[in-house]
Amino acid sequence: MFKIINLILSIVLLFASSAFADGHKLKVGMITTLSGGGSGLGIDVRDGFMLAVRGSKDIEVVIEDDQRKPDIAVQLADKMIQSEKVDVLTGIIWSNLAMAVVPAAVNQGKFYLSPNAGPSALAGKGCHENYFNVAWQNDNLHEAAGGHANSTGFKNTFILAPNYPAGKDALTGFKRYFKGNLAGEIYTKLGQTDYAVEIAQIRASNADSVFFFLPGGMGIGFMKQYAQSGIEIPVVGPAFSFDQGILKAVGDAALGVKNTSQWSKDLDNKANKKFVSDFQNEYGRLPSLYASQGYDTGMLLISAMAKASVNDMEAFRDALRSADFDSTRGQFRFSSNHHPIQDIYVREVIKEGDTLTNKIVSVGLQDHSNAYVDQCSM
Amino acid sequence: MTAELLIEQFLNGLQFGFMLFLMSAGLTLIFGVMGLINLAHGSLYMIGAFSAAATFAFFNSFWLSLLASFSCAAIVGIVVEKTIIRKLYNRDHLDQVLVTFALILFFSELVRWIFGAFPLYLDVPELLNGSIEVFSGIYYSKYRLFIIFVGLIIAVFLFFLIGKTNLGIQIRAGQHDREMISALGVDISKLYTLLFGIGAALAGLAGALIGTIQSVEVGMGEPILILAFVIIVIGGIGSIKGAFIASLLVGLVDTLGRFLIPWVLQTVTNPSDAMSVGSAIGSMLIYILMAIILILKPTGLYGKQLS
Numbered sequence: 000m001f002k003i004i005n006l007i008l009s010i011v012l013l014f015a016s017s018a019f020a021d022g023h024k025l026k027v028g029m030i031t032t033l034s035g036g037g038s039g040l041g042i043d044v045r046d047g048f049m050l051a052v053r054g055s056k057d058i059e060v061v062i063e064d065d066q067r068k069p070d071i072a073v074q075l076a077d078k079m080i081q082s083e084k085v086d087v088l089t090g091i092i093w094s095n096l097a098m099a100v101v102p103a104a105v106n107q108g109k110f111y112l113s114p115n116a117g118p119s120a121l122a123g124k125g126c127h128e129n130y131f132n133v134a135w136q137n138d139n140l141h142e143a144a145g146g147h148a149n150s151t152g153f154k155n156t157f158i159l160a161p162n163y164p165a166g167k168d169a170l171t172g173f174k175r176y177f178k179g180n181l182a183g184e185i186y187t188k189l190g191q192t193d194y195a196v197e198i199a200q201i202r203a204s205n206a207d208s209v210f211f212f213l214p215g216g217m218g219i220g221f222m223k224q225y226a227q228s229g230i231e232i233p234v235v236g237p238a239f240s241f242d243q244g245i246l247k248a249v250g251d252a253a254l255g256v257k258n259t260s261q262w263s264k265d266l267d268n269k270a271n272k273k274f275v276s277d278f279q280n281e282y283g284r285l286p287s288l289y290a291s292q293g294y295d296t297g298m299l300l301i302s303a304m305a306k307a308s309v310n311d312m313e314a315f316r317d318a319l320r321s322a323d324f325d326s327t328r329g330q331f332r333f334s335s336n337h338h339p340i341q342d343i344y345v346r347e348v349i350k351e352g353d354t355l356t357n358k359i360v361s362v363g364l365q366d367h368s369n370a371y372v373d374q375c376s377m
Numbered sequence: 000m001t002a003e004l005l006i007e008q009f010l011n012g013l014q015f016g017f018m019l020f021l022m023s024a025g026l027t028l029i030f031g032v033m034g035l036i037n038l039a040h041g042s043l044y045m046i047g048a049f050s051a052a053a054t055f056a057f058f059n060s061f062w063l064s065l066l067a068s069f070s071c072a073a074i075v076g077i078v079v080e081k082t083i084i085r086k087l088y089n090r091d092h093l094d095q096v097l098v099t100f101a102l103i104l105f106f107s108e109l110v111r112w113i114f115g116a117f118p119l120y121l122d123v124p125e126l127l128n129g130s131i132e133v134f135s136g137i138y139y140s141k142y143r144l145f146i147i148f149v150g151l152i153i154a155v156f157l158f159f160l161i162g163k164t165n166l167g168i169q170i171r172a173g174q175h176d177r178e179m180i181s182a183l184g185v186d187i188s189k190l191y192t193l194l195f196g197i198g199a200a201l202a203g204l205a206g207a208l209i210g211t212i213q214s215v216e217v218g219m220g221e222p223i224l225i226l227a228f229v230i231i232v233i234g235g236i237g238s239i240k241g242a243f244i245a246s247l248l249v250g251l252v253d254t255l256g257r258f259l260i261p262w263v264l265q266t267v268t269n270p271s272d273a274m275s276v277g278s279a280i281g282s283m284l285i286y287i288l289m290a291i292i293l294i295l296k297p298t299g300l301y302g303k304q305l306s
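Line by line, the protein sequences are chains H and G.
First residue of the first sequence: 0, per numbering that gives the first Met the number 0; consecutive thereafter.
First residue of the second sequence: 0, per numbering that gives the first Met the number 0; consecutive thereafter.
This is chain G alone, in the form it adopts within the complex (with noise of 0.2 Å):
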């Protein structure tokens, strides 16, 4: 092994982490704000890589693809969250689970009714296209490279909206009680609506993101949502700073062990054996960190402390 490939690697490792962000940040604002458990996060993920593909197809521009993409992811959230969500917020978790579980079943078959069962094509522009040399000797696909960047704006955007605006302490004073913002006079039902809002475009930008480079295929939200889960649990529910290491943890972990772990057990046995059993190894790798995390601290890195 070399010291480039283990850098690549490492790389790789922080590019999985901005795409773990990508797709948490808006399940843990959602989460974590309005106390909502949205399973359909992952069905906004698919419509946000839907509407990019549709808009492919049509334009030809991966530009206004990515535009199609969280605004209509934006605009689904907020016609759910006015039709149906909002009816959730005083019922109990499994209620929610009931009916966003059911959103799932819904939008999917509604996806598959629309584009058909077959995946749709989507690329990555000519601009983005093949790898740059980062360090000496070091090659690095620019379209991942992209992917960091896009979740750096993301993380910036987050923590300035959620720290330094004026929508940010409504957030954080939601958060904290409910009943006592919306007696200041703050509109608390505009203010869900925004926030789920956000928290769709988030995970519909997500899904035009990755679904350029994996594949754009019904059901392809339901594998991202149980990462996602994992992330803001080990984050902390609510906080983004929290999601943001978690991600990157998570990342780390998941593409170093993937690869390190069938590496050491190739010198105890043979290359076949230690392939198969590394890579079992490898991928449950993420729960054990998440068992570890939740042993030490209860409530996640960055939770809010059970009094």
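Chain H on its own, in the form it takes in the complex (with noise of 0.2 Å):
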């Protein structure tokens, strides 16, 4: 007797809680890098998100590995939308992988909130309602960049960078702002190791700088091999290679280097602090520009849902827009095209004891915004 009372009760329970579930809970499908090249991005991404979320019982998360290929990647969000039935998207680390998955997802009426990839085709003609990027546009960080170059007073600069949607919008970004001459600009493969000939080229081009976009392994590569080659041309660089994950493999051949990013470790903010002391308490290591970003949209997704249900879709994307939460990087609000207007800092990568890492030297552009505004009718 106990024990149907018990199954009866129990199947109550079930049905009880998946009523309540339907009512209320918002489910959010996490695309992102776990394995393979790259795959530090994507975890760090992962555990900024999760670090934003955890306290919150009304989000469920599923997070799948798209190995940073595209069609793992749109496979993955196919599953999502149709057998998971998820709310919102997010996650995709590379501007190629978005730009497979992005445009179809919004268009089956989601909600994608990027925490890293912002090409500029999603920004300016491709732009979306239900687009949002939390990170920056592409070119902002090598805008600031070339701002840099010019305030130092760099006349001639190599630039380099691989050959994909993010490749392009960081030369394209960089030379915006840069007023000197370019000694030269090559684009590398995308995934390549081995730099010797492109450092054969530099050191031929008489340049007085070389500015590099080379996220992931591909940075820590670069960076052994110019300081291995005796080179002593001045590097300046987006935060990408310069990053938390990937300093202590880079070494000493990084240390002093002047790197832009929107974040740093240093910003002076309470929810900065709270970030960085909460994140090492979490997973016992600094936090990366990358963890920041995948937090920042933890908490503008927990922002929106504490005004809209997801539900309500013009509600809950207007309460996207105001972007009403305490971000690490302390001001933060949308552009029309949705995308971030931020300060954009020039670091530098120090010694703290025997950990390297970057502290803040200047602002490099402030309330900056992003150059496809005018292209994007929304």
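Source of the hints: derived by calculation from the structure; they are not laboratory data.
For each residue, glycine too, the CB sits at the ideal point set by N, CA and C.
Incorrect hints may have been included.
[Said to hold, decoys possible] Quick list of the computed label-pair ranges, beta carbon to beta carbon:
1) H:G283 to G:K296: 33 to 43 Å
2) G:M283 to H:G255: 34 to 44 Å
3) H:E59 to G:D94: 39 to 49 Å
4) H:K350 to G:G129: 14 to 24 Å
5) H:G190 to G:F57: 27 to 37 Å
Quick one: dock chain against chain with the hints and give me the complex.
Here it is, written out as structure tokens:
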């Protein structure tokens, strides 16, 4: 008898809980790179995001690994939209994957919050009311690097980036702000690890500085080989090759390099201090800028949920647009094409004890928006 | 463009060729003699790099970490051969591909589980840091010269091993007729274990040498694997000499192509377009080379002629 009551009770409970879930829960599908090359970036975004949403019972997160392959990302997105029935998608690191997934997802009425990739195509003509970028438009950090090169007095810069959407955005962004000459311009293969050919060209070019955008393992290889080649020309780059996750692998070769970032560990605001210490307590390592982007994405989502239900798309979109949350970057708001307007800083790689890390030296661009606002009609 | 730059790029091509030879020598031994398609070669490369990085973190000695790289990879290789690979010799190639592909996934996850997903640190020793003047006015990285040097040693070692020793005679005999050599009293399974161990050690050594100037991270072996297969197909499967020539050929073609094509294109179009078109063609060049060679010599440069 007891057993039967128990059974009935548990069945009732089961139904009750699922009915409750249908009413209030929001389901997030996270597609990010968790294995193979570049997995450090995805893991940081995931950990930052999960840190932000860990206290919220109303968010359910499904996480899948895209292995940095566009075809797999598309399959995962289809699965998440059709069988998992997620409300919000997020997580993609690489711009070529974002280009494959985001347009289809937002056209099917899902929200996409980008914690990293911000290709120009999705900021300009391809912008969409359901697409929000919480990190930056791809060009942003490179624009700041261009500005920094000007103020340092560089006149003849050699620039290189991988041949994929974010690489093209990078060089475009740098050239938009840089006023000097280009000593050379090279697109390398995505995933290339040996840069002997490019370094020889840099040596022969008479450049007075080098700007490079080589995220993840590519940057580690380049910096080590560059330091080893004995070339003394100073380098400037966006934060991606000098972020916390890979500094240890680059080693002292990175010491003193100026890099541009929208975030830094030492940014002085309450949200950031809490984030840095929570992240260290939870995962036992220092956060990177990717982790901060994942965290801000989570915080934005929670702030929107407090204002509106995801089932009311209009209201939820307005709630996202108002960006009413405490960002780790301090000031944070969206431009009309749903990309951040924010300060971009110049950081320098330093040593704190035995640990390589970054500290802010100046503000590169203040309240910086992006160059594609006018092209977006939404 | 100056002559210095051209010579430096030629050296780079040569150096890249030796790098490729280090990667593909083990693979061509295993593939050619044992008839085994070992997709997990890249994993052994990764294991070599990670054991080197771990040793480096512990003892802070580059030379010890080199030693660790090929011994760890050899041990892992021998264990894998004895437990798994051994069962595959009589199966068809599809089974071999499936099993060794599973090994890739297994080793990648294992390494990530042990070391985490973040790249590890491994750096060149003080002795090999910086560059020296090789000809007047031409400076070249000492470490890259060291890679050329190690590649030469390995090449000489393998030529000697295959051509002049008893073991080499057995290996060559096994390549021709597996049954006959075991009928003549050679313990073929011991020979295969040893050979797989040597192949694994070479992969591990390559991983440590190359990981030192690139990045030591999970999945570093997979891009290498494709290049290594291209090399052994161009060189002729199983031929060390073929692998050596093909490595240098591919190294030079890839490096000079990547450098010269955009430069030539710049004369007809604007630099930015020339660069993106040129780098696209440059990265196809290896495969175009492979196609041409296979059209002219279907079994590769030094492959056995099909009868």
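Tested hints:
{"no.": "1", "hint": "H:G283 to G:K296: 33 to 43 Å", "result": "violated (56 Å)"}
{"no.": "2", "hint": "G:M283 to H:G255: 34 to 44 Å", "result": "holds (39 Å)"}
{"no.": "3", "hint": "H:E59 to G:D94: 39 to 49 Å", "result": "holds (41 Å)"}
{"no.": "4", "hint": "H:K350 to G:G129: 14 to 24 Å", "result": "holds (22 Å)"}
{"no.": "5", "hint": "H:G190 to G:F57: 27 to 37 Å", "result": "holds (30 Å)"}
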